[in-house]
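Peer 1: The primary structure of each chain is shown beneath.
There are 2 protein chains.
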Amino acid sequence: MAPHVYIEELARHEGQEVVIKGWLYNKRSSGKLHFLEVRDGTGIVQTVVFHKDVSPEMFAAADRLAQETALEVTGTVRKHPKLPEHEISVRDLRVVAAPTQEYPIGPKDHGTAFLMDHRHLWLRSKLQHAALRVRAEIVAAIRGFFDGRGFTLVDAPIFTPAACEGTTNLFEVGYFDEKAYLTQSGQLYMEAGAMALGKVYCFGPTFRAEKSKTRRHLTEFWMVEPEVAFMDLDGDMDLAEDLIVAVVEQVLGRRRRELETLGRDPGRLEQVKRPFPRITYAEAIAILQQAGKEAKSGDDFGGDEETVISERFDRPVLIHRYPADIKAFYMKRDPEDPRLALCVDVIAPEGYGEIIGGGQREDDLAKVEASIAAHDLPRQAFEWYLDLRRYGTVPHAGFGLGVERTVAWLCGLHHVRETIPFPRMLERLSP
Amino acid sequence: MAPHVYIEELARHEGQEVVIKGWLYNKRSSGKLHFLEVRDGTGIVQTVVFHKDVSPEMFAAADRLAQETALEVTGTVRKHPKLPEHEISVRDLRVVAAPTQEYPIGPKDHGTAFLMDHRHLWLRSKLQHAALRVRAEIVAAIRGFFDGRGFTLVDAPIFTPAACEGTTNLFEVGYFDEKAYLTQSGQLYMEAGAMALGKVYCFGPTFRAEKSKTRRHLTEFWMVEPEVAFMDLDGDMDLAEDLIVAVVEQVLGRRRRELETLGRDPGRLEQVKRPFPRITYAEAIAILQQAGKEAKSGDDFGGDEETVISERFDRPVLIHRYPADIKAFYMKRDPEDPRLALCVDVIAPEGYGEIIGGGQREDDLAKVEASIAAHDLPRQAFEWYLDLRRYGTVPHAGFGLGVERTVAWLCGLHHVRETIPFPRMLERLSP
Chain V
17 MAPHVYIEEL
27 ARHEGQEVVI
37 KGWLYNKRSS
47 GKLHFLEVRD
57 GTGIVQTVVF
67 HKDVSPEMFA
77 AADRLAQETA
87 LEVTGTVRKH
97 PKLPEHEISV
107 RDLRVVAAPT
117 QEYPIGPKDH
127 GTAFLMDHRH
137 LWLRSKLQHA
147 ALRVRAEIVA
157 AIRGFFDGRG
167 FTLVDAPIFT
177 PAACEGTTNL
187 FEVGYFDEKA
197 YLTQSGQLYM
207 EAGAMALGKV
217 YCFGPTFRAE
227 KSKTRRHLTE
237 FWMVEPEVAF
247 MDLDGDMDLA
257 EDLIVAVVEQ
267 VLGRRRRELE
277 TLGRDPGRLE
287 QVKRPFPRIT
297 YAEAIAILQQ
307 AGKEAKSGDD
317 FGGDEETVIS
327 ERFDRPVLIH
337 RYPADIKAFY
347 MKRDPEDPRL
357 ALCVDVIAPE
367 GYGEIIGGGQ
377 REDDLAKVEA
387 SIAAHDLPRQ
397 AFEWYLDLRR
407 YGTVPHAGFG
417 LGVERTVAWL
427 CGLHHVRETI
437 PFPRMLERLS
447 P
Chain Z
17 MAPHVYIEEL
27 ARHEGQEVVI
37 KGWLYNKRSS
47 GKLHFLEVRD
57 GTGIVQTVVF
67 HKDVSPEMFA
77 AADRLAQETA
87 LEVTGTVRKH
97 PKLPEHEISV
107 RDLRVVAAPT
117 QEYPIGPKDH
127 GTAFLMDHRH
137 LWLRSKLQHA
147 ALRVRAEIVA
157 AIRGFFDGRG
167 FTLVDAPIFT
177 PAACEGTTNL
187 FEVGYFDEKA
197 YLTQSGQLYM
207 EAGAMALGKV
217 YCFGPTFRAE
227 KSKTRRHLTE
237 FWMVEPEVAF
247 MDLDGDMDLA
257 EDLIVAVVEQ
267 VLGRRRRELE
277 TLGRDPGRLE
287 QVKRPFPRIT
297 YAEAIAILQQ
307 AGKEAKSGDD
317 FGGDEETVIS
327 ERFDRPVLIH
337 RYPADIKAFY
347 MKRDPEDPRL
357 ALCVDVIAPE
367 GYGEIIGGGQ
377 REDDLAKVEA
387 SIAAHDLPRQ
397 AFEWYLDLRR
407 YGTVPHAGFG
417 LGVERTVAWL
427 CGLHHVRETI
437 PFPRMLERLS
447 P
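Quick note, the sequences are listed as chains V and Z, same order.
Position one of the first sequence corresponds to residue 17 (the numbering used here), numbered consecutively onward.
Position one of the second sequence corresponds to residue 17 (the numbering used here), numbered consecutively onward.
Extracted from the complex, chain V is given alone in its bound form (with noise of 0.2 Å):
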């Protein structure tokens, strides 16, 4: 029996009889030829039925295939006669399943809140497939680089006991007899994790219940957060940009068709070199007045500042020194100018937001005692934090990376909803 391979082997199998197995994509017919377009997860292949070279049976049933029908297609593998690909010479046909009823989803225009109640199917589509294909490259790409560099996989917790920025946006649990809150982010527990194995990354989903229905917004997104010991905002800027340069390199040299499928111009990411502008944020805020933006020191930026300074640069830029006062309680103040913050966030180019924030970390234990109390925060559940800065406290520094935000602009996605296999926003919390 001809064995089973994937679309994605044809390559290797040209001239041979194989068997894919796969599902019904599209169809044509020319009265004699059907032409059955078969995806089995790996690829899209044309199988060619002649009538001639099956059955009539088979050459009549082969006509009324539904779109998705489940197949078994035996065929010998050949050069296709026009396209850089292969397509099958079919001998035999067989059913595996038929549709029930009609596929809900067609080749006609359908509304985003009805493909996104079938997004069950709607991660059949060719779109999906490449977005979805983008998106995994990302995540190996993160992880082999953090790997690569001695950096120590480090799970945080998703169950905290306390908020990491101020309880709003926080979603509850109740656990058992008590409450707990899922993580927003790993970076507290990382910074023990870098005192313990020197350089650390956590990546896993966070949470946050912003009633903010934007296009960038989700309510349970992924995220990789590194913290370094003995490493400062330069070093913590560095490492920034060699990860998303390393990134930007792998999606290009291994998913370059998956983007043209989804329309990405290469050309765009090819500009993502080092080094990246970094500018302060007195310095965005005057790109903002020349902009005719209403903008002041003190401002914090929304997408629409960011989308601003973006649209300055043919990378993405880096933007440190925040004002400490609209910033977290553990940054660390510049020692130049103590009303800043020794942080940085990184904005994406053409308007895809902030994927990173990050910065040094107050490492003096009178200086995160007093900001704990400053913002209002509980003390009691900051004691194993505050531990950190007791026992051989260090400069250090880490970031946060988003990784619907980083797939959104890789692929050119306008919203975040298609850059995570099952997003979950406000009003959306199913299938």
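Be a bit skeptical, because a hint or two may be false.
Where chains are identical, the list cannot tell them apart; a pair therefore holds if satisfied intra-copy or between any two copies.
What the hints assert, rightly or not - Here are the simulated DSBU-like cross-link-like pairs (lysine-lysine), alpha carbons at most 35 Å apart as the crow flies:
{"id": "1", "residue 1": "K227", "residue 2": "K195"}
{"id": "2", "residue 1": "K229", "residue 2": "K195"}
{"id": "3", "residue 1": "K343", "residue 2": "K195"}
{"id": "4", "residue 1": "K229", "residue 2": "K142"}
{"id": "5", "residue 1": "K124", "residue 2": "K383"}
{"id": "6", "residue 1": "K195", "residue 2": "K142"}
{"id": "7", "residue 1": "K383", "residue 2": "K142"}
{"id": "8", "residue 1": "K312", "residue 2": "K43"}
{"id": "9", "residue 1": "K383", "residue 2": "K43"}
{"id": "10", "residue 1": "K95", "residue 2": "K43"}
{"id": "11", "residue 1": "K289", "residue 2": "K343"}
These aren't lab readings, by the way, just hints derived from the structure by calculation.
Given the structure of chain V, go ahead and fit chain Z onto it with the hints provided.
Peer 2: Chain Z in isolation, oriented as in the chain V frame:
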């Protein structure tokens, strides 16, 4: 100025002056020499302070250093006179930060509760380093295995609207005006993924609100779940076997030193070769009865039974075809004996318990509908799942492998609490 190098890189710098940045792990003195053991997360190095090489003040200061003092040590890398490693002849020593109080974890025997309360500091010890490095290697090996075989990572959602195997043991979360549950398994979503992308896996945290306090249970644990379209139970068992062999090989190849630190005999792991024994549930019952256990057909296996069975074999054992009545609703029944499910559990050797559960899924629409009804599950919540049987249903199978139990087995750890950086258990939500 001498370059900062990590301890794991010292061999490449023999004869050179370098800077080590880390923490004092241990100290002993012999009159004219202080031996300071410094850890930096990548290893521990002996640094030697000779009274003639430094000022009298520095020599005296070195004698007073407390455990976990943060240090920068400048000196020359030399071969250790007795051990196959390197040491440092110190020229300069800078205290970055002395502990503000005595480090709570000393050489004396601490109780487990105390160590768990100080988990953020306990991570700094040798044994915890070794276990977490093995964990990270296992995670990398798993991801490499699936990425290398053409699987696409499809992250499953954490927030789910319904339960996969009933609503007991679920953590409930307020999701704006709705209720959500934290995922127990990504399987149902992976079935959608497999119908779209052929071969998929998810790998993330999963949650069980079990009130059991055993050495094998966490409320939050990581699981990898592959799912493959057109794969049957035999293929599933092959895949599970291949995965375990690949993971064990990578850990033996790259983390042998950590296994030694943990006192784990690598000889036991070297026996983990293909083929693994495959026994039926009925055979497993017979083994238990021969061992004098009260066991009868229809019983599920707990930790005790798993241990007895595992002791019969020198490698993981696959137990297949349990009674369908004690298994989940989605399992396909054995056509040769419909009382049995086409499922498989993999039991680790040496009493480390079940590490894999999986099997072939029911792919017939009417049978899944009947099973949902028979299990009293809310039909509405599974409509999307039924769609997978409506539109081109195919045979498919998969499994879930629990990371923490795998870490416990490979590291030889009695309790899973040391297999994850910040364990979450019935009475443990912090730090």
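Peer 1: Please go over all the hints and tell whether each is borne out by the structure.
Peer 2: Against the structure, the hints:
no.: 1; hint: K227 to K195; verdict: both (21 Å within a copy, 16 Å between copies)
no.: 2; hint: K229 to K195; verdict: both (27 Å within a copy, 19 Å between copies)
no.: 3; hint: K343 to K195; verdict: both (27 Å within a copy, 32 Å between copies)
no.: 4; hint: K229 to K142; verdict: within (27 Å within a copy, 47 Å between copies)
no.: 5; hint: K124 to K383; verdict: between (60 Å within a copy, 33 Å between copies)
no.: 6; hint: K195 to K142; verdict: between (43 Å within a copy, 33 Å between copies)
no.: 7; hint: K383 to K142; verdict: between (53 Å within a copy, 31 Å between copies)
no.: 8; hint: K312 to K43; verdict: neither (59 Å within a copy, 54 Å between copies)
no.: 9; hint: K383 to K43; verdict: between (68 Å within a copy, 30 Å between copies)
no.: 10; hint: K95 to K43; verdict: within (19 Å within a copy, 71 Å between copies)
no.: 11; hint: K289 to K343; verdict: within (29 Å within a copy, 53 Å between copies)
Checked against the numbered hints above, the structure breaks only hint 8 and satisfies the rest.
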